[in-house]
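Okay, here's what each chain looks like letter by letter:
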Amino acid sequence: MNKQNQIADDKKPVVAMHGITKRFGGVVALDGVDLSAYAGEVLAIVGDNGAGKSTLIKILTGVYQPTQGQITLDGKPFVMGNHSDAIAAGIDAVYQNLAIADHLTPAENLFLGSELTSSLMGMTVLNNKRMKEEAARVLKDRLGVQLKSMDVATESLSGGQRQAVAIARAVRHDNLRVLVMDEPTAALGPQETARTLQLIKTLRDQGLIVIVISHSLDDVFEISDRIHVQRRGKCVGVVKTSETTNEEVLGMIVGAKQAA
Amino acid sequence: MTNSEMTNPTPIEEPKTLATKLEPYVSFIGPMAMILAIGLFMAIAEPARYFRFSNINQILLDAALYMPMAMAMTFVITQRGIDLSIGSVAALSAIIMAFLIKQYGFPAPVAALIALSLGALMGLINGLVITKFKVPDLIGTLAMDLVYRGFALVIAKGLVLARFPDMVTEIGRGQALYFIPTPVVIGLITLAIGYYVLTSTHFGRYTIAIGSNPEASEMTGVDVDRHRIYAYVLMGTMAALAGIMLMGKLNAIQATSAPYFNLHVIAAVVVGGTSLFGGRASIIGSLAGVLLLSMMINALVTLRIEFFWQSVASGVVIIFSVALYTWLQKKDRDGSGGLSAILANPTNSKTFRLAVLIIGILIALLAIGAGFSGEVKPSG
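Residue numbers (the working numbering), protein chains in the order written: chain S, 1025 to 1284; chain L, 4 to 383.
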């Protein structure tokens, strides 16, 4: 774990948000938030409801545009008009509801919206065989997940497997550098949670930045390298997971304690 | 922990019950079982007349009319849509085609292509009404049904247009290959194309995705509205094709033709296992559904049951098949506890009491009426 801390100390952040402010009408959702993420780390974002976690990651993934502030990618200013810009730059997200079409197979979901095609008599048709092989390869090589059958509807899979499919959809893009996960374990049982946390570590070890929003401090302490604490639209502290305690973070979330 | 250490987690145990194994085939087995049941019943009741070559030909000829529409309706329903305007689309495009041929001397093939294009245009209007004006599909297509039917009446008035060139009657009732009617060939080709489109094109894939999870489709970059419009355009085109086939079959057309296309086609598709709740499509099931309805209606005719019973039978088949599929799907999520458990539920017991009350009132009124009954005086 020491290695991780050094990375955070020595290297420049891959992606950074500087002084991000977001107002919705008169409501200030974010107030001058800084955030930086380094290659190969799991950064947890914690905070109470309404602390601005979701708004923060929606700005990071291009869904919202900040009212003020700047995002830099590899130190260069970077402006996103929409979510597609973020994906093109290597930033993608897995949402809590996973955005999966239950009646499609895992491979069909993995390639939904960006299907592999081939040409048949001048017509563009789907290349189902290649998508199936490619999906199985991404699931196995990147996530270490092997489904019993690739031909079943995704609704018949377990919660963890469904999540793996949603993650695989993001990971499939070779240029992916930052994966944002919104409450990845909220809907899962204990076993599935353990598997998903393991999956996050696997991705981290592959050099990805994984940014995890979570309400479960137990999960956060198990997987994260650093913890970013939001409170009422402001960042009240960023702590290294190895140097803090559950109580301290909880204190920061509820406002009893301020990090140095 | 390294990557290799965590690969191959023990495959998560999936309970493989008989129901889950059969699940993919239910849509096909259901109608097939019913077709067999009808066949078996007729083999006992009226084998000579039902299985006569000319009668089987007639069943296929009746079914063929609905095949193209059932194919298109499978797409519409899979996207969680519905199209109630198809009967009027068929009538209006066929009437315009008839006028072009009879009144303006258009060659039949050109007139037929114009009719198909008009059907596509009407489907496009339906799609725009639903996606752009945000009129719910049920109301939107019901209203457009009135509009198209109205135009048909305006154009044709009470006229029956009859006697068309050979090409038209060939489409409607020709015998393409010795014993297979031309419309059956047309119908099967449209179904085959539909199957291919469903499994191997963007439109087919997005049709299932949109019906399964519209929000997820939107989030993954699928143009939901555009692909919904495609489905209605396909539906309109196929309805126009059915209009041409009907015109050829009868060698006549009028503004009030094809009144119940919508319910018949929806019934066939739903009986075939395509889910009204979206996401689950079965083209083969739709073919089976079309055959089943035609066999059933033909059986009623063969048994010399009054024509009006057809309506009763069609409705009952729709209700039972939808209820059956819903029950099949629900059962693997939560077990049902049998009839006594259903009645023990307070909401259900109140409904039950209401049913008893209504039936009781009916019986009482009938009894009172019977008490006064005597000599029937002719009214007026």
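Careful: at least some of the hints might be erroneous.
[What the hints assert, rightly or not] As a list, the in silico SDA-like pairs of lysine to any residue whose alpha-carbon atoms are at most 20 Å apart:
1. S:Lys1082 to S:Asp1126
2. S:Lys1153 to L:Leu43
3. S:Lys1036 to S:Lys1264
4. S:Lys1258 to S:Glu1246
5. S:Lys1156 to L:Phe206
6. S:Lys1156 to L:Tyr199
7. S:Lys1156 to L:Arg52
8. S:Lys1264 to S:Ile1111
[Claimed, not checked] Derived contacts from chain L toward chain S, CB cut-off under 7 Å, selection only:
9. Thr204
10. Ser215
11. Ala219
12. Met222
13. Val225
14. Arg283
15. Gln313
16. Ser314
17. Val315
18. Ala316
No lab work stands behind these hints, which were simulated from the structure alone.
Just so you know, even glycine gets a beta-carbon here, dropped at the ideal spot from N, CA and C.
Comparing the hints with the structure gives:
1. S:Lys1082 to S:Asp1126: violated, 25 Å
2. S:Lys1153 to L:Leu43: Violated. S:Lys1153 to L:Leu43 sits at ~41 Å, over the 20 Å cutoff.
3. S:Lys1036 to S:Lys1264: Roughly 16 Å between the alpha carbons, so the hint for S:Lys1036 and S:Lys1264 holds.
4. S:Lys1258 to S:Glu1246: violated, 25 Å
5. S:Lys1156 to L:Phe206: Distance ~19 Å between S:Lys1156 and L:Phe206 Cα, so the pair holds.
6. S:Lys1156 to L:Tyr199: holds, 18 Å
7. S:Lys1156 to L:Arg52: With a Cα-Cα distance of about 50 Å, the restraint between S:Lys1156 and L:Arg52 is violated, given a limit of 20 Å.
8. S:Lys1264 to S:Ile1111: violated, 28 Å
9. Thr204: holds, 6 Å
10. Ser215: holds, 4 Å
11. Ala219: holds, 4 Å
12. Met222: holds, 5 Å
13. Val225: holds, 5 Å
14. Arg283: With Cβ-Cβ at 6 Å, under 7 Å, it holds.
15. Gln313: violated, 34 Å
16. Ser314: violated, 33 Å
17. Val315: Violated, about 33 Å.
18. Ala316: violated, 31 Å
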